Amino acid sequence: MAQTEHYILNMGPQHPSTHGVLRVKVELDGERIVHCTPVMGYLHRGIEKLMESRTYTQCVPFTDRLDYVSSMNNNWAFCGAVEKLAGIEVPERAEYIRVICAELNRIASHQVFIGSLLIDLGAATGMIYAFRDREKVLDLFNIICGARMTCHYIRIGGVIKDAQDEFLKETQKFVDYVPQMLQEYDNLFTGNEIFMERLKGTSIITKEDALRFNMSGPNIRASGHEYDIRKIDSYGVYDRFDFQVPTGTKGDNWDRYRIRFEEIRESARIIQQALDSIPAGPYMAKVPKVLKPAKGDVYHRVENTRGELGFYIVSDGTTKPYRVHIHRPSFINLQALDTMCKGLLLADAVAAYATVDPLMGEVDC
Amino acid sequence: MHNGILYLVTQDIREALLPIAGSEIIVNLTIMALGIALMFGLVTGSALIFTLLERKVCAFIQVRIGPNRVGPGGTLQSLADMLKLMSKEDIVPQGIDMWLWVLSPALIFVPSALIYAMFPFDDGVIFADVNIGLFLILAITSQSVLPFLMGGYASNSKYAMIGGMRTVAQMLAYEVPMVFALMGVVMLTGSLKMSAIVEAQTDVWFVVLQPLAFLIFMVAALVESNRPPFNIVEGESEIIAGPFTEYTGMRWALFFLAEFANLLSISIMTTTLFLGGWHGPEFLPGMVWFAIKVMIMVLVYQWIGWTFPRLRIDHMLTFGWKVLLPIALVNVLLTGIGIYVFNWL
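So the protein lines, in turn, are chains S and G. For the first sequence, my numbering gives the first residue as 1, with consecutive numbering after it. For the second sequence, my numbering gives the first residue as 366, with consecutive numbering after it.
If a hint is listed, it holds; no wrong ones were tucked in.
With a Cα cut of at most 30 angstroms, we get these calculated DSBU-like pairs of lysine-lysine:
#1 G/Lys687 - S/Lys250
#2 S/Lys84 - S/Lys49
#3 G/Lys523 - S/Lys25
FYI, nobody ran anything at the bench for these hints, they're computed from the structure. Just so we're clear, the structure is a prediction, and the values are computed from it rather than from any experiment.
With these hints in hand, go ahead and build the complete structure from the sequences.
Pasting the structure below:
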């Protein structure tokens, strides 16, 4: 008696397009996806637990290793939380430098997104173009702090080093280059028929579903929900800048791709404004050598490149945090994968991972 | 009368050999063996050169430099690659269908090499100028689906299985429009003989008379040879390498070799069927014209491959059955009307 059964395919943890060590159990009917279950934990290092045995200052480098393509934002999230807890006032100049760095990092991260999406769609050429331009941002980080990816530049109370004139000048050059860069991407692949066919109308996540999954960042904005921590719960000096929050309408792969494009443009605008109005002054607050925040707890969130990154820190009055919990956007966004991929083809699942843009360092924490 | 350089050279060799060998049969056999050796040299040699060319072209398109370490300007890179592949461990996975698994890489090379017998390289230089040349070429190329399916089925790997299944679907969907597109060429020539097809293009190349067929053929040829953007069989971001996933070392290199042999053969077919074969202005011998045209087509195919994203399987099949096939049929109709009108005039 002949019988048919579903085909279980294990994609990952070693797979070219799972962006690290994500494993997805895909149940296939032919090439159609019946179910897909993300399996995580291959990169778990116990960062939350490790932080409990380190002083607050020593905790900061761990945040670099969470979302390693946007480390500036992560540093900022943790430092912001500790500053809130200890009541440290950050100098103006440091706030501006932080904004510049965080937005540069957002651009770099979105370029990784564009590059990896393209290579997942089989367009290796586009990936090289995106990574070429990302290199420019990494060079800027190299100038300002000597590191390229795991920067550890934003520290509790400010930034570790002042932004040199060279950095500001080079950043200006990069910002001027951004429109030309986006135009080049548009020419190369945005208008491509195959590319549009692959992305438009696939892996739709509705606004209701996105809210139900507690998604955040560009993923929920692509579904049409204007949710940006920089606007709704402004931190740093973001309230002084004029920028738009681009939103999509359908929540398909195409919207998620276009949102990132627009965000690069907006980030460049923010950097331009920050460069124009950066004040002189100290770049580091007076932070006690032994940092002992008072008893209590704090939750601080920032708009990471992937969504709402929050640090919940409980202090027991000693030099080390009693408990740290990290609200990781990639982890939460990834939960929607099954809903997004149901009924689509295997190739669409690959595109869906890419557009959700999870980063395994952050997912597994 | 044949007057291609290569043909004349062969005649000279034949005359020189005749007194030594004594009998006509031995001379024929010697020439045949020489030709086969040359052919294999061409196929494998071109694979070596194309590996480098592919990487250099891709690097040029991707604003990179490409291989530049091994030998002057990286020219020995493909030799180094070959050496590396030969020294690799030959891993045999568990639970495979041994016969099919071993045969698959060996068989994949057969159709790729066999069709070279039917290609006219120069005036009079063609191994088997049979009456049904084009038909044979199409029949042989369609066999290349079997080794893929065998490798995919025998590997005991799910990725390989999906890849093998995709091959069948894609070959079926594009074989048909390709055949119908070439029907136009055959109608104009009135023969399936390859030399006759080239002969018919003395005045006008078929790319002018059959632009639709030319485009359909280009797309279908890319699909048949698994070139990007139609390389869904190996689609590396989805199914790792499709049927080749479990192969290593020289076995894998054979797939690789076949791929480049196919690139060369589709370029030769495009040149022969649509770009006038060895025809060209007098100041260069026919063979050189042929080589130039083939190289241009190779570059065009590589250019296409490195620019576009990969298609999704359903889009691809829809495109083959619902777009290319009707256009190909319309092309046959138009060609028929054209021939009728031309004769009537």
